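Residue strings, one per chain:
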Amino acid sequence: MRVCALSELAPGEGRRVELDPPVAVFHTDDGDVYAIDDTCTHQDASLADGWLEGCEVECPLHASRFDLRTGAVDAPPAKKPVRTHEVSVEGDDVYITLSEAAPNLPPGVGAPTGGSAPSTQGLA
Amino acid sequence: MRTVAVVGASLAGLSAVRALRRQGFEGRVVVVGGEPHRPYDRPPLSKDFLAGRLEEPDLTLEAEGEDLGLEWRLGSPAVCLDPSARTVRLGDGSAVQADGVVLATGALPCRLPGSERYDNVHVLRTLRDALALREQLLPGRRLVVVGAGLIGLEVASTARALGIDVTVVDPQAAPMTEALGLDVAGVVTALHERNGVRLLGGARVEGLVGPGAGRAEGVQLHGGLRLPADLVLLAMGVRPAVEWLHGSGVRVDRRGVLCDGAGVSSIPGVVAVGDCSAWYDVEDADFRREEHWTAARERAAVAVGSLLGCSTPAPVRPPYFWSDQFGLRLQFTGRRRADDELVVEEGDPLDLDFLATYRREGLPVGVVALERGRSFTKWRRVLAAPAIQQAVRA
Numbered sequence: 015m016r017v018c019a020l021s022e023l024a025p026g027e028g029r030r031v032e033l034d035p036p037v038a039v040f041h042t043d044d045g046d047v048y049a050i051d052d053t054c055t056h057q058d059a060s061l062a063d064g065w066l067e068g069c070e071v072e073c074p075l076h077a078s079r080f081d082l083r084t085g086a087v088d089a090p091p092a093k094k095p096v097r098t099h100e101v102s103v104e105g106d107d108v109y110i111t112l113s114e115a116a117p118n119l120p121p122g123v124g125a126p127t128g129g130s131a132p133s134t135q136g137l138a
Numbered sequence: 007m008r009t010v011a012v013v014g015a016s017l018a019g020l021s022a023v024r025a026l027r028r029q030g031f032e033g034r035v036v037v038v039g040g041e042p043h044r045p046y047d048r049p050p051l052s053k054d055f056l057a058g059r060l061e062e063p064d065l066t067l068e069a070e071g072e073d074l075g076l077e078w079r080l081g082s083p084a085v086c087l088d089p090s091a092r093t094v095r096l097g098d099g100s101a102v103q104a105d106g107v108v109l110a111t112g113a114l115p116c117r118l119p120g121s122e123r124y125d126n127v128h129v130l131r132t133l134r135d136a137l138a139l140r141e142q143l144l145p146g147r148r149l150v151v152v153g154a155g156l157i158g159l160e161v162a163s164t165a166r167a168l169g170i171d172v173t174v175v176d177p178q179a180a181p182m183t184e185a186l187g188l189d190v191a192g193v194v195t196a197l198h199e200r201n202g203v204r205l206l207g208g209a210r211v212e213g214l215v216g217p218g219a220g221r222a223e224g225v226q227l228h229g230g231l232r233l234p235a236d237l238v239l240l241a242m243g244v245r246p247a248v249e250w251l252h253g254s255g256v257r258v259d260r261r262g263v264l265c266d267g268a269g270v271s272s273i274p275g276v277v278a279v280g281d282c283s284a285w286y287d288v289e290d291a292d293f294r295r296e297e298h299w300t301a302a303r304e305r306a307a308v309a310v311g312s313l314l315g316c317s318t319p320a321p322v323r324p325p326y327f328w329s330d331q332f333g334l335r336l337q338f339t340g341r342r343r344a345d346d347e348l349v350v351e352e353g354d355p356l357d358l359d360f361l362a363t364y365r366r367e368g369l370p371v372g373v374v375a376l377e378r379g380r381s382f383t384k385w386r387r388v389l390a391a392p393a394i395q396q397a398v399r400a
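Top line first, the protein sequences correspond to chains D and V. The first sequence begins at 15 in this note's numbering and counts up one residue at a time. The second sequence begins at 7 in this note's numbering and counts up one residue at a time.
Extracted from the complex, chain D is given alone in its bound form:
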């Protein structure tokens, strides 16, 4: 599935793709493109908003770092890896193939909560 144009994604930046669950696509300073689940596995935070350094992105809330290549997390509070998705770039188009593994969403996200939790926006 096409998610964006490469020219819209400056090196060193990430972007959230509104799927369910959302996906984050990153363009590293070295020119590589990676896609992982956007939601930190610890709490509801968008990794596309995180601090990208080399092949790692740091969660904007609690600073757990995820490896874009493997999805692995360096240190808690996040305890589980994020899924990685296969990326291909054809011309200016960035395509991803979604992982078939089950996502590691944080507690309270993605599950029916009842009450007044903010609803998930922009389901694809």
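Rather than coming from a laboratory, the hints here were simulated on the basis of the structure. Computed from a predicted model, the values in this text were never measured in an experiment.
Take a look, some chain D residues computed to stay more than 12 Å from chain V by CB distance:
| hint | residue |
| --- | --- |
| 1 | Ser21 |
| 2 | Leu33 |
| 3 | Pro35 |
| 4 | Thr42 |
| 5 | Asp81 |
| 6 | Arg83 |
| 7 | Thr84 |
| 8 | Ser102 |
| 9 | Glu104 |
| 10 | Asp106 |
| 11 | Asp107 |
| 12 | Ser113 |
| 13 | Glu114 |
If you anchor each label on the Cβ, the simulated ranges turn out as follows:
| hint | chain 1 | residue 1 | chain 2 | residue 2 | range |
| --- | --- | --- | --- | --- | --- |
| 14 | V | Arg28 | D | Glu32 | 30 to 40 Å |
| 15 | D | Glu32 | V | Gly213 | 47 to 57 Å |
| 16 | D | Asp43 | V | Gly30 | 27 to 37 Å |
| 17 | V | Glu77 | D | Asp88 | 21 to 31 Å |
| 18 | V | Arg28 | D | Glu104 | 38 to 48 Å |
| 19 | D | Leu112 | V | Leu356 | 32 to 42 Å |
| 20 | V | Glu249 | D | Glu100 | 55 to 65 Å |
| 21 | D | Glu27 | V | Gly229 | 47 to 57 Å |
| 22 | D | Cys69 | V | Glu212 | 50 to 60 Å |
| 23 | D | Glu27 | V | Gly267 | 29 to 39 Å |
| 24 | D | Leu112 | V | Ala291 | 47 to 57 Å |
| 25 | V | Arg221 | D | Cys69 | 51 to 61 Å |
| 26 | D | Glu100 | V | Arg28 | 29 to 39 Å |
| 27 | D | Cys69 | V | Gly333 | 31 to 41 Å |
Ideal Cβ placement from N, Cα and C applies to all residues, glycine included.
For this one, chain D is given, so just place chain V on it according to the hints.
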């Protein structure tokens, strides 16, 4: 160094233990915790846990299968440190002897006199506190929150969503004025008022109203106003948990364990990190307690480096905190002073969607954002750049 005692089993203590292992310490590590629990994450206690969306197992800070080879001594607090004998004594009469000591005992909520005797007057620091408060947060009840800091405001937000009538009283004219300045305090006020919270600024609390024990009936303000309440939360700030160190020779004052810029206390071989500590700050030319989650996590590696005699670079990132209220995310980083100028860079504060910088002689020294996580991270990187930090200090 063969044995290290880490006194405190929350985020700062756990981060210290991880840093010890990561920095190559293979000796014995004893972790002392006053609470009976393994390390857990406190920020959700005022939010998702209080709302019932998270439960106790969701809060654990240790990863599945994580084995740092620790000896846990949980459920009995440290009561005395004897640095000459390098011994920590615990409340249950046992003792831990160690070559190095990490103090990470955190902080204790401030209370009003006599508040402990009321069943419906709460503080919020521990899991136990949160469970007690959660049980009483029932729709239609009247909650009075004393103190409009992060804890008070987050509980107000959670409670409103649960259908509770909420009044927040605070000595400052507007909430978080000291931390964020008057303009942003106005935004926080608007956020709460739009969501039905009654904010009473400039209010001095005289005490609790009630028979002295059992159920408090309300809160008495200076000037005669009496706020009836079904339950009360005291969120009036914290004091460092350092009483147990008096007489130990470790230098302590109301700010906490006084440490140099790398976490070393007045006694070599004893370092301190997290809410119990006040590290020397070059910019302030004074000791400063950094009472936020991120500081507890990041500074542990520095303190442990000092303890092990490795040279670890000092933390380079400016202070940072975040808060979730009424579904919106507030973030702040930097070092704001009262006379810094607020410049809105993006969005509009009145729309509750903006990013602003605090500027000192034109240079950005702080950033505050509501719902602007993406731009906030960019600004956070700008502020953390060594060139900016040096220019600000010069």
